[in-house]
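There are 2 protein chains.
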Amino acid sequence: MYQTELEAIGQRAKEASYKLAGVSTKTKNDALQAMAKSLEERREMILAANEVDMEAGRAKGLSNALLDRLLLTPDRIREMAEGLRALIALPDPVGEVTRMWTRPNGLQIGKIRVPLGVIGIIYEARPNVTVDAAGLCLKAGNAVILRGGSEAFNSNRAITQVISAAATNAGIPAGAIQLVETTDREAANLMMKMNAYIDVLIPRGGAGLIQAVVQNATVPVLETGVGNCHVYVEEDADLKMARRIVVNAKTQRPGVCNAMETLLVHENAAPAFLPVAAEALRAKGVELRGCSRTREVLPDCKPATEGDWRTEYLDLILAVKVVGDLEEAIDHINTYGTKHTEVIITNSYQKARLFLQRVDAAAVFVNASSRFTDGHQFGLGAEIGISTQKLHARGPMGLEELTSTKYIIFGDGQIRT
Amino acid sequence: MYQTELEAIGQRAKEASYKLAGVSTKTKNDALQAMAKSLEERREMILAANEVDMEAGRAKGLSNALLDRLLLTPDRIREMAEGLRALIALPDPVGEVTRMWTRPNGLQIGKIRVPLGVIGIIYEARPNVTVDAAGLCLKAGNAVILRGGSEAFNSNRAITQVISAAATNAGIPAGAIQLVETTDREAANLMMKMNAYIDVLIPRGGAGLIQAVVQNATVPVLETGVGNCHVYVEEDADLKMARRIVVNAKTQRPGVCNAMETLLVHENAAPAFLPVAAEALRAKGVELRGCSRTREVLPDCKPATEGDWRTEYLDLILAVKVVGDLEEAIDHINTYGTKHTEVIITNSYQKARLFLQRVDAAAVFVNASSRFTDGHQFGLGAEIGISTQKLHARGPMGLEELTSTKYIIFGDGQIRT
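Chains A and B, in that order, are what the protein sequence lines are.
At the far end of the first sequence sits residue 837, using the working numbering, and the numbering has no gaps.
At the far end of the second sequence sits residue 837, using the working numbering, and the numbering has no gaps.
Chain A on its own, in the form it takes in the complex (with noise of 0.2 Å):
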């Protein structure tokens, strides 16, 4: 029932993505300016259909930890513009010629950086994705179609509002921003399979929405995410260096893809780790669920399930599992990771090298928390999401990871013989 209407915005956002390939960085610059503007002059508005939200989400029963992330505040749209005059200092990836050289016939070919086209975004509840989202696909010379979460509806759309009416005014194509105007999970599903009209899809939110996606597109998907994240603990660690990394990456923010999820130990460290880092864990209040060895060492400690291996618990809870070795370790992680971030803490040069060699993950971490694993930590500045796939990218997603390529050969008449 919505095709007509998913087509007619497909066609749309096609339309301005073949325009605003040619658009340039000054007036790209220029509407992402425009929009930070707008959104804070049209803060009340924007509250408004917040509000309107929020009074829906209450009345539905949502948990405090959804509303939070659902509710807009005068300091988030505040962030949000931000985030956006950030976008200016950051180089336009379009238009890099990565490569030319010359062939013994005379052609010349070169490899020059051009934006992906349209690109979807599918996303839950926080408002604030349709902000960020919308300015790294204008920056990057995409046009973006927003489906959002039905939870902020009225907020994405008086956002969508505000932000495209003041990019086309800036001299963006109509259409270059479009928010999918209905909920309803059919017009996702239509949307994931617009090969016509859209390049690339990128979910964002929970492993449910990710797996719903990932199963459903025919359009390709950049999957992003999901990190069951391990630190894996050596004999020979720093202990103190140890406990430090592990609170870090369990509790400067557990509710993130990139927080440990589970702890791993050699046994010759267990007995004298566990105990130190289990006291500075659990004064952080974080509960530990351990393997039968770990609980010889830690009675008090819960019993872990081969269920808590794969979970991503996102809260102050971490399996903990003592390992026999170094192969061990890395069998576990390749094993139930989810191919986001490791963390090993050693001072073998030998381990170092073998644990980033075979740990298959986006990002394989010596001697530092987990938590760095974020666009703006590797100083690759703003990010679309944290890719966990291997194709086209892999961590964080910037602005070049929102662009493509395509080869331009000059000649002077070639032909093949």
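Source of the hints: derived by calculation from the structure; they are not laboratory data.
Computed from a prediction, not measured in an experiment: that's the story for all the values here.
Just so you know, not all the hints are guaranteed correct.
Which copy is meant is left open, because identical chains are indistinguishable; a pair holds if it fits in one copy or across any two.
Under the rule of at most 35 Å between Cα atoms (straight-line distance), these lysine-lysine pairs were calculated in the DSBU-like manner [what the hints assert, rightly or not]:
1) K439 <-> K660
2) K434 <-> K722
3) K531 <-> K660
4) K531 <-> K704
5) K480 <-> K439
6) K457 <-> K480
7) K457 <-> K722
8) K439 <-> K457
9) K704 <-> K446
10) K660 <-> K613
11) K480 <-> K531
12) K434 <-> K531
13) K434 <-> K446
14) K446 <-> K531
15) K613 <-> K704
16) K613 <-> K531
17) K434 <-> K613
18) K457 <-> K704
Chain B: place on chain A using the hints.
For chain B alone, kept in the frame of chain A given last:
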């Protein structure tokens, strides 16, 4: 019914891929040499298996074109072996650190090239794909699961036995090269959803096969090959050059994806160009199908229908359309093209710039034949296909496109505050 069998293949491939990621370039090159040698030594066994397929193909009434694709000869086996040997000289992409930098907090962050892991290849009749794909995947450090067409089953099985045994004897982990030993469609469909074991799927074959994979796969797909390519002759083109390129693009090898399928001609060039182009093309046996304006100049030309603009003939047939200007040519290409290869013939600097910028395709040429879109012709070495999608790889996909990256981070106890 094939679930258990396929999962066993997947698991073996995954395990092999973890080991293969750490195998040295020398061992991989030795294996390629051994595979080539073994192909030549076991030639009679392979030819006998091929004869079984040929016999069945004739009994089934396969077309001569299909039978020719299926046929193996001593020469073709030598070419397959030479293809493997050519890979030895290419640089190993695995392990290249493409960038490394240090953050203000002292974290050293590097991006290193790693294999994709397990690659699934789903392909049709030509048994040489078995060797090409296995060789490329191996050199880039990937395990491969091959699923060929039913017509070539015996040939593919014989080839896989030979090269897989040779690779294992040369030190490659067992399971790195496997063939799915059933050609039932159900098996292919299961394979397309084996996200736990297969990192990337590459379909190789006709538009039907590729669309089936794009529509059904939940594993990320690298889409290859369909080429509805255009050559556009501007009003200011050198018409002799245009004729030479047009004839080459259409007739040098009409059955391949980078051959021209539609000729676009500026209305001011049509009266002078179409008669000479038609004469040269018809001399090579090409059938023309023109729009109404083409037929004003070439009254004996068959009329083209809407379907002709969308058709990849892969044959000595050419659609011809007269357009009013560059704008109309670009619109036609972006509407009907398959984002493969597009060519402009012009002497106008500004028109060349506009065409290069606004045409959305993997390769955009000025004044050269479309037939150059090819890994070897670009100087990139052997290719596994030509990507027409925008994620990960665009254009000819060689060894580098069969890799991913991971971030490696060296710390000294850094935590996030």
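Outcome of the hint check:
{"no.": "1", "hint": "K439 <-> K660", "verdict": "between (56 Å within a copy, 33 Å between copies)"}
{"no.": "2", "hint": "K434 <-> K722", "verdict": "between (54 Å within a copy, 33 Å between copies)"}
{"no.": "3", "hint": "K531 <-> K660", "verdict": "between (49 Å within a copy, 29 Å between copies)"}
{"no.": "4", "hint": "K531 <-> K704", "verdict": "between (51 Å within a copy, 34 Å between copies)"}
{"no.": "5", "hint": "K480 <-> K439", "verdict": "neither (42 Å within a copy, 51 Å between copies)"}
{"no.": "6", "hint": "K457 <-> K480", "verdict": "within (33 Å within a copy, 70 Å between copies)"}
{"no.": "7", "hint": "K457 <-> K722", "verdict": "neither (52 Å within a copy, 59 Å between copies)"}
{"no.": "8", "hint": "K439 <-> K457", "verdict": "within (24 Å within a copy, 54 Å between copies)"}
{"no.": "9", "hint": "K704 <-> K446", "verdict": "neither (48 Å within a copy, 51 Å between copies)"}
{"no.": "10", "hint": "K660 <-> K613", "verdict": "neither (51 Å within a copy, 45 Å between copies)"}
{"no.": "11", "hint": "K480 <-> K531", "verdict": "neither (52 Å within a copy, 46 Å between copies)"}
{"no.": "12", "hint": "K434 <-> K531", "verdict": "both (23 Å within a copy, 33 Å between copies)"}
{"no.": "13", "hint": "K434 <-> K446", "verdict": "within (22 Å within a copy, 47 Å between copies)"}
{"no.": "14", "hint": "K446 <-> K531", "verdict": "both (23 Å within a copy, 30 Å between copies)"}
{"no.": "15", "hint": "K613 <-> K704", "verdict": "neither (45 Å within a copy, 42 Å between copies)"}
{"no.": "16", "hint": "K613 <-> K531", "verdict": "both (29 Å within a copy, 33 Å between copies)"}
{"no.": "17", "hint": "K434 <-> K613", "verdict": "both (15 Å within a copy, 29 Å between copies)"}
{"no.": "18", "hint": "K457 <-> K704", "verdict": "neither (40 Å within a copy, 63 Å between copies)"}
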